[in-house]
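Colleague: Each chain is listed here by its residues.
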Amino acid sequence: MEAFHNIKTVAKRELSGYFASPVAYVFIVIFLLLAGFFTFMVSRFFAGEQASLTAFFIWHPWLYLFLVPAVGMRLWSEERRLGTMELLLTMPITTWQAIVGKFIASWLFLGLALVLTFPLILTVNYLGHPDNGVIFCGYVGSFMLAGGYLAVSCMTSAITRNQVVSFILSVVICLFLILAGWPPVTQMLVQWAKPWLVDGVAAFSVMTHFDSFQRGVLDSRDLLFFLLVMGFALFTTGIIIRGHRAG
Amino acid sequence: MIKVQNLSKTFGPKIAVNDISFEVERGEVFGFLGPNGAGKSTTMRMVTGFIPPTSGSIKVGAHDMLEQPIQAKRLIGYLPENAPLYADMTVHGFLSFAAEMRGFTGEAKKKAVHRVVEMCFLESVLYQAIDTLSKGYRHRTCFAQSIIHDPDVLVMDEPTDGLDPNQKHEVRALIRHMGEKKAIVFSTHILEEVEAACSRVLIIDRGRIVANGTPDELKRKSELAGAVSLLVSVHPAEEVRAKLSPLPTVRRIAVLKAPGGGDIVRAFPKAGSKNGELARSVAEVAAQEGWKIQELHTEEGRLDEVFRSITLPETTQEKH
Numbered sequence: 004m005e006a007f008h009n010i011k012t013v014a015k016r017e018l019s020g021y022f023a024s025p026v027a028y029v030f031i032v033i034f035l036l037l038a039g040f041f042t043f044m045v046s047r048f049f050a051g052e053q054a055s056l057t058a059f060f061i062w063h064p065w066l067y068l069f070l071v072p073a074v075g076m077r078l079w080s081e082e083r084r085l086g087t088m089e090l091l092l093t094m095p096i097t098t099w100q101a102i103v104g105k106f107i108a109s110w111l112f113l114g115l116a117l118v119l120t121f122p123l124i125l126t127v128n129y130l131g132h133p134d135n136g137v138i139f140c141g142y143v144g145s146f147m148l149a150g151g152y153l154a155v156s157c158m159t160s161a162i163t164r165n166q167v168v169s170f171i172l173s174v175v176i177c178l179f180l181i182l183a184g185w186p187p188v189t190q191m192l193v194q195w196a197k198p199w200l201v202d203g204v205a206a207f208s209v210m211t212h213f214d215s216f217q218r219g220v221l222d223s224r225d226l227l228f229f230l231l232v233m234g235f236a237l238f239t240t241g242i243i244i245r246g247h248r249a250g
Numbered sequence: 002m003i004k005v006q007n008l009s010k011t012f013g014p015k016i017a018v019n020d021i022s023f024e025v026e027r028g029e030v031f032g033f034l035g036p037n038g039a040g041k042s043t044t045m046r047m048v049t050g051f052i053p054p055t056s057g058s059i060k061v062g063a064h065d066m067l068e069q070p071i072q073a074k075r076l077i078g079y080l081p082e083n084a085p086l087y088a089d090m091t092v093h094g095f096l097s098f099a100a101e102m103r104g105f106t107g108e109a110k111k112k113a114v115h116r117v118v119e120m121c122f123l124e125s126v127l128y129q130a131i132d133t134l135s136k137g138y139r140h141r142t143c144f145a146q147s148i149i150h151d152p153d154v155l156v157m158d159e160p161t162d163g164l165d166p167n168q169k170h171e172v173r174a175l176i177r178h179m180g181e182k183k184a185i186v187f188s189t190h191i192l193e194e195v196e197a198a199c200s201r202v203l204i205i206d207r208g209r210i211v212a213n214g215t216p217d218e219l220k221r222k223s224e225l226a227g228a229v230s231l232l233v234s235v236h237p238a239e240e241v242r243a244k245l246s247p248l249p250t251v252r253r254i255a256v257l258k259a260p261g262g263g264d265i266v267r268a269f270p271k272a273g274s275k276n277g278e279l280a281r282s283v284a285e286v287a288a289q290e291g292w293k294i295q296e297l298h299t300e301e302g303r304l305d306e307v308f309r310s311i312t313l314p315e316t317t318q319e320k321h
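The listed protein sequences correspond, in order, to chains D and P. For the first sequence, the working numbering begins at 4 and goes up steadily by one. For the second sequence, the working numbering begins at 2 and goes up steadily by one.
What the hints contain is simulated information worked out from the structure, not anything from laboratory work. Quick caveat: nothing in here was measured; it's all calculated off a predicted structure. Accuracy of the hints is not assured; some may be wrong.
Said to hold, decoys possible - Straight-line C-alpha distance at most 20 Å; calculated SDA-like pairs for lysine to any residue:
{"id": "1", "chain 1": "D", "residue 1": "11", "chain 2": "P", "residue 2": "109"}
{"id": "2", "chain 1": "D", "residue 1": "15", "chain 2": "P", "residue 2": "109"}
{"id": "3", "chain 1": "P", "residue 1": "60", "chain 2": "D", "residue 2": "95"}
{"id": "4", "chain 1": "P", "residue 1": "136", "chain 2": "D", "residue 2": "86"}
{"id": "5", "chain 1": "D", "residue 1": "15", "chain 2": "P", "residue 2": "89"}
{"id": "6", "chain 1": "P", "residue 1": "110", "chain 2": "D", "residue 2": "8"}
{"id": "7", "chain 1": "D", "residue 1": "11", "chain 2": "P", "residue 2": "94"}
{"id": "8", "chain 1": "P", "residue 1": "15", "chain 2": "D", "residue 2": "249"}
{"id": "9", "chain 1": "P", "residue 1": "15", "chain 2": "D", "residue 2": "246"}
{"id": "10", "chain 1": "P", "residue 1": "169", "chain 2": "P", "residue 2": "197"}
{"id": "11", "chain 1": "D", "residue 1": "11", "chain 2": "P", "residue 2": "90"}
{"id": "12", "chain 1": "P", "residue 1": "111", "chain 2": "D", "residue 2": "19"}
{"id": "13", "chain 1": "P", "residue 1": "293", "chain 2": "P", "residue 2": "262"}
{"id": "14", "chain 1": "P", "residue 1": "136", "chain 2": "D", "residue 2": "84"}
{"id": "15", "chain 1": "P", "residue 1": "60", "chain 2": "D", "residue 2": "92"}
{"id": "16", "chain 1": "P", "residue 1": "60", "chain 2": "D", "residue 2": "97"}
{"id": "17", "chain 1": "D", "residue 1": "15", "chain 2": "P", "residue 2": "88"}
{"id": "18", "chain 1": "D", "residue 1": "15", "chain 2": "D", "residue 2": "28"}
{"id": "19", "chain 1": "P", "residue 1": "222", "chain 2": "P", "residue 2": "311"}
{"id": "20", "chain 1": "D", "residue 1": "11", "chain 2": "P", "residue 2": "106"}
{"id": "21", "chain 1": "D", "residue 1": "11", "chain 2": "P", "residue 2": "108"}
{"id": "22", "chain 1": "D", "residue 1": "11", "chain 2": "P", "residue 2": "103"}
{"id": "23", "chain 1": "D", "residue 1": "15", "chain 2": "P", "residue 2": "108"}
{"id": "24", "chain 1": "P", "residue 1": "136", "chain 2": "D", "residue 2": "85"}
{"id": "25", "chain 1": "D", "residue 1": "15", "chain 2": "P", "residue 2": "131"}
{"id": "26", "chain 1": "P", "residue 1": "110", "chain 2": "D", "residue 2": "91"}
{"id": "27", "chain 1": "D", "residue 1": "11", "chain 2": "P", "residue 2": "110"}
{"id": "28", "chain 1": "D", "residue 1": "11", "chain 2": "P", "residue 2": "105"}
{"id": "29", "chain 1": "P", "residue 1": "60", "chain 2": "P", "residue 2": "29"}
{"id": "30", "chain 1": "P", "residue 1": "110", "chain 2": "D", "residue 2": "19"}
{"id": "31", "chain 1": "P", "residue 1": "110", "chain 2": "D", "residue 2": "17"}
{"id": "32", "chain 1": "D", "residue 1": "15", "chain 2": "P", "residue 2": "94"}
{"id": "33", "chain 1": "P", "residue 1": "110", "chain 2": "D", "residue 2": "4"}
{"id": "34", "chain 1": "P", "residue 1": "110", "chain 2": "D", "residue 2": "7"}
{"id": "35", "chain 1": "P", "residue 1": "111", "chain 2": "D", "residue 2": "8"}
{"id": "36", "chain 1": "D", "residue 1": "15", "chain 2": "P", "residue 2": "103"}
{"id": "37", "chain 1": "P", "residue 1": "110", "chain 2": "D", "residue 2": "14"}
{"id": "38", "chain 1": "D", "residue 1": "11", "chain 2": "P", "residue 2": "89"}
Could you put together the complete structure from these sequences and hints?
Modeller: Right, dumping it as C-alpha cells:
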C-alpha cells in the first residue's frame, strides 16, 4: 500500500514534468506526424486496399528506435545532473520504488501518444471491415515494444549524467535488439555458428516477438519476453544506481 | 537522536571520512566545521542514507540507517548542498510532491504545504516555475521541503551558502529557533555562523575529527584566549613591555601596531593562571606608573585562529 503510494507519487511528479515542459507536446506531434507519414506515404496505406493496420505497425520498431530513447534519456541522467537524486533517495522511499515510478510515468506517456493514433482505427473501420482483435493485439505489441525500449533507455540514462551519451547508448542497444533477428544478420551467423546459437540470438530480437503480435497472436511467451526485457533492464538500473551511491 | 559510530568512507584509494563518531541530542544545534573537501558532505550523505558507509554505524532515533532505512529517513529532513530542485515544477507543485512523499494526503497535505510556505516566505512565488527563481528563493524552497514533515532531525549541508547577508541572518535565526525542539546538524565553513547558531561544534579535517566541543570551549583553545591587551599611544611600548615582563602572571609580551595609530601591548597569561588575575595585575601596574591607557581588555580567543591552527598544522602560525 505504501509502496503503491510512493510509486504513484513519483510517477505523478514525473508525468507532470513532461507536460510542464515542451517535451511532451513536441514528442506527441512528431510521433503522430512520422507515424502518419510512414503509414500513408511510404507504406501507401490506401493503395494497399486492405482493412488492416499492418502498414502502420510495421514501422513502430524503427520509429521507437529514436523516439523512445529521446523520452527515456533524461530519466536518471537529469536527476544526477541536477542533484535531485540525492533529494529523492533521502526521502522515505526505496530505490526500486523510485525506478518503477519513473518508468511507469514515461511508459504511460508513450501509451498516451499511442492512444492518440486512434483516428487510424476509425479510418479502417469506416473504409472496410478489419479484424479489430488483430488491431488490439497490434496495439498491445506496440505498447510492450515501447516499454522494452524505454526500460533500456532508463538503464543507459542511469549510467551517465550526459543525456546525449545516454541517448546514443540506448539507440545502439535497441538497434541490436532489432537486428538480432533480422534475416541478413541471422544469415551471416548461419555461415559459422551452430543452429542453436543462431536461434538463441534470434530469440533475443524484439522483431520475432513483435511480429507475432501483429499477426494477432497474443502469446504469453511474447508478453513474457517483453516483461523480462523490462524487468532485466530496470533491475540493472537499480544496480547501476546503487553502484553510483556506493562510490 | 543521531548516533554515529566509527563511520568511515573510502572512494577507491581515497579516504574521505576516517573513523568519525559523534552524537546529537534533541535541542542541540550541531555545527560541522571544516575546510573544503574535509568530508563534511560525505558524512552528511551517509547520515541521511544517500550513500552507504564503508564501515561504521548510523542510528537515527531508534532506527539503524543501514537496517531500517525507510523508518530512519522518515525522521530526517535534509537540505542537500546547493539546494537541488526539480527545475520544471512550480514551487507549489514541488512542495506538494514533497508532502506526498512524506505521506501527507488531502487536507493534511494542503496544511503542511501552507505551513512551510508561510515559514519560508514563499507566497509571492508559489505558482512560479522553479527555474525562474532567484537563488535565495530556490534555497528557501528546498529548505521548506526539508521541514515539511516537521522532522525530529534536520540535516543541512551549507544552508547559508550563496545567500545575501540578510538571508543568512534569517536562516541562522530559523536554525536557532528550530534547534530548541529538534536535533540539528549543519555544515559550514563560515566561522561566524558557528558562533551565531551552534550549541556544539565538530571540526573535521581530511576526514578526521580534530576538535569537538562548545564554541566557547574551542575558543579557549586559542592561544589568544585570556591574553590582556593594552592600547597605549603616549608611552613608548618598549617601556610598557619592560615594566610588565617581570610580573609573575605574565608568560610573554607581544607588541603590535594598532590600526588607528598607537601600540597594542599584549600580555599572555602563564598556564594555569586564574581568570582575571592577569588583568588585575596589569591594571595595578598601569595605575602605579600612571600610563595613559585608551583601552584594556581580556581577549576571548578567536575561533578562526583555533580553526587555522588545527586544520593547518604544517604551516607556522603568525604570532600575535
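Colleague: Check the structure against each numbered hint from earlier and tell me which ones fail, lowest number first.
Modeller: none
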